[in-house]
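Just so you know, the protein sequences line up as chains A and B, in that order.
According to our numbering, the residues represented by the first sequence are 666 to 1080, in order.
According to our numbering, the residues represented by the second sequence are 666 to 1080, in order.
Keep in mind that the hints were calculated from the coordinates and are not lab data.
These numbers come from a predicted model, not from an experiment.
Relax, there's no trap hidden among the hints.
The list cannot tell twin chains apart, which means a pair is met if one copy fits it or any two copies do.
Taking lysine to aspartate or glutamate and the EDC-like style, the derived pairs with C-alpha atoms no more than 20 angstroms apart in a straight line are:
1) K979 <-> E946
2) K682 <-> D991
3) K671 <-> E849
4) K813 <-> E853
5) K939 <-> E903
6) K719 <-> E816
7) K852 <-> E878
8) K671 <-> D859
So the chains spell out like this:
There are 2 protein chains.
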Amino acid sequence: MSSVRKQAELARLAARKIAPLRRAVKDVALLAIASKLRANVAEIAQTNQRDLDKARASGLGEALLQRLTLGPAEVEATAKGVEYIVSLPDPVGSRSEARRLDNGLLAGKQRLPLGVIAMIYEARPNVTVDAAALCLKSGNAVLLRGGKEAEETNQLLGRLIGEALTASGLPNDAVQIIPATDREGIKELLSLSDLVDLAIPRGGEGLIRFVAEHARVPVVKHYQGICHMFLDASADPEKAVPLVLNSKVQRPGVCNALECLLVHEDAATALLPKLWTALKEAEVEVRGCEKTLKLLPLARIATEADFGAEFLAKILAVRVVRDLDDALLHIGRYGSNHTESICTESYANAERWVNEVDASCVLVNASTRFNDGGQLGLGAEIGISTSKLHAYGPMGLESLTAEKWVVYGSGQVRV
Amino acid sequence: MSSVRKQAELARLAARKIAPLRRAVKDVALLAIASKLRANVAEIAQTNQRDLDKARASGLGEALLQRLTLGPAEVEATAKGVEYIVSLPDPVGSRSEARRLDNGLLAGKQRLPLGVIAMIYEARPNVTVDAAALCLKSGNAVLLRGGKEAEETNQLLGRLIGEALTASGLPNDAVQIIPATDREGIKELLSLSDLVDLAIPRGGEGLIRFVAEHARVPVVKHYQGICHMFLDASADPEKAVPLVLNSKVQRPGVCNALECLLVHEDAATALLPKLWTALKEAEVEVRGCEKTLKLLPLARIATEADFGAEFLAKILAVRVVRDLDDALLHIGRYGSNHTESICTESYANAERWVNEVDASCVLVNASTRFNDGGQLGLGAEIGISTSKLHAYGPMGLESLTAEKWVVYGSGQVRV
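Whole structure, please, built from the sequences with the hints as guidance.
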């Protein structure tokens, strides 16, 4: 038996043991993990430094080196993150939709853990701890396959988490690090349809496409966030300018940042010059369509590739559109089902937007940056799904569970 | 472009058109389908007869021929089924979990159709109509790939449904028959991850495994129904005997029929002889473990293969177990996460059963036959999922939809 399969089999056994645990037992283990991280901050930082040195020597860029860093400040933030997960309610065991059937049966649904979850991710070693904590809280075992740049850090984190689990009386196989060898190892993990219940890839598009292509297990995936805002003819300029600015620059490198602004032609003359001033001040590069350029002659002309691009930087594509239908067509063609916001004072157009746009989060007069598990009240999130199956949008603890039917009877038979 | 891809692209366009339709518009189209079927009953029956003749000539067995039959009685039942779907509520557009966030945003979830669904099934041509009606009602387009034995019947049904859609002002590409050529065609359909949102296989285990193996699109699948009932030490004989009998013989050939009975050793002496009499009367063959044979010397001895077998016939495997834990171990090893029932008067054991058994439907003192969309109050069902992702258990209209986040603001930005 391969070592990946062996790890998955141990995870399956551990999953059965932790699935029925009460919240209090799981929370104690999570607190032990947080303590363990704090108690070993020096060793973690030293180990991470070795990963960083190797990565720097191999020519990894500054942005990736920053993601790879797990120094004392990051360890403390990660431990706090685990404690925050302790504060969240446990979805397992909750009941819903209980109904009394005509024959007297009481039928409803009860949440249960998914079982074994495979996380496949890249540089950030804090994901190792975050994902372990979210999976444990929701009663799942997890196989963590991080990036090879973070291998030594991840192995240490895995060992520390395992020790905390053992000390809390939980099976340490509930959290396992899959060695980051080559992509063959990921393929094998993704082939274990009898042992892995869900794979969650997190990282660049290349990794996610690789996972989607090779998975024989269910995958919840998030491709790009090509997020739009549409400024309708009736958009209130007092709202429009701050909304565009916040959506674009509050954190330009993330998936719910604005990438393309659509402006109703009747509002363009009034809004675009105001926006130009604000965007210039925030050092945003505007790439506009021809109609935009007539109003903003200093803007750069957009190429076809700028529409549908995920810049993840202070760049904004701008297109003047004829009307709401034109905006909806643009989004149907270039959007990525992630986050789409309208700025309007029209009731009818707000309702059409909400009903007709197919995206994991559809907003009215609100920043695109609100499509986030924390912001929407889910507590922590393990990812954002842009495919509709199982979860659509931010995935919190509940997305790591399913519902089974439970039926209470007193001897009923079917007639 | 291949013809399958072309069909899927047309389905995608049709899906966009029908997704925002109101219930009334969809119901009118469904009623038109029912009328169309009734108006063309003679042609349907004749066409089906040709499929039947071919199938009989090629040596298809009686059971399969019966499934393939779509005569006047079956057409009427199918039309009635469509009318029943008209009576069900439309899940699309419904809101849930609306919450007011601290910043004044109102955030909630709204149901939307999945998009394009691929149904891959075997002999029964009534599935063509049932699936089309369920998908349309929930605002989805559907690609129907039935068995080649039913090809001529399915093509006719597809044409009639298309005519009813056109007459109702809906795009007839919303329901399309994929020609039943060879399994390469299924593979291609399953590879269209940009166009197909969900594949639902219905049929024998071979077909379902083939779909799971080749799918690059999400699949909701149902393998076998290896359903157990556990008669606890405290089981009430007045309930136990009718429950076992109903679970086994009310319809032995279906997935929620009982296949294996587990009996607590303290209850075996009292219960097994009573059960033997009832089962013999119902012509059920008992295949028992050694302990069972001591109490029922006329029963056949069970082989290892009888445990975990889906007989789909009047055969029942019986094992005497030490206690509840022993029963849970047996189910963990041989069960298929489908339907598991306990017969007990013990509160503690009932709760342990409900909480610890991992199956799409877990019952207490009720027949396994209740794991059914109609019985559980879902209205119609399009299948029963034994995998936890997206749906677990009977899939009604709601399982053909997802939820997106909708957020109403008044200019909120993220701080």
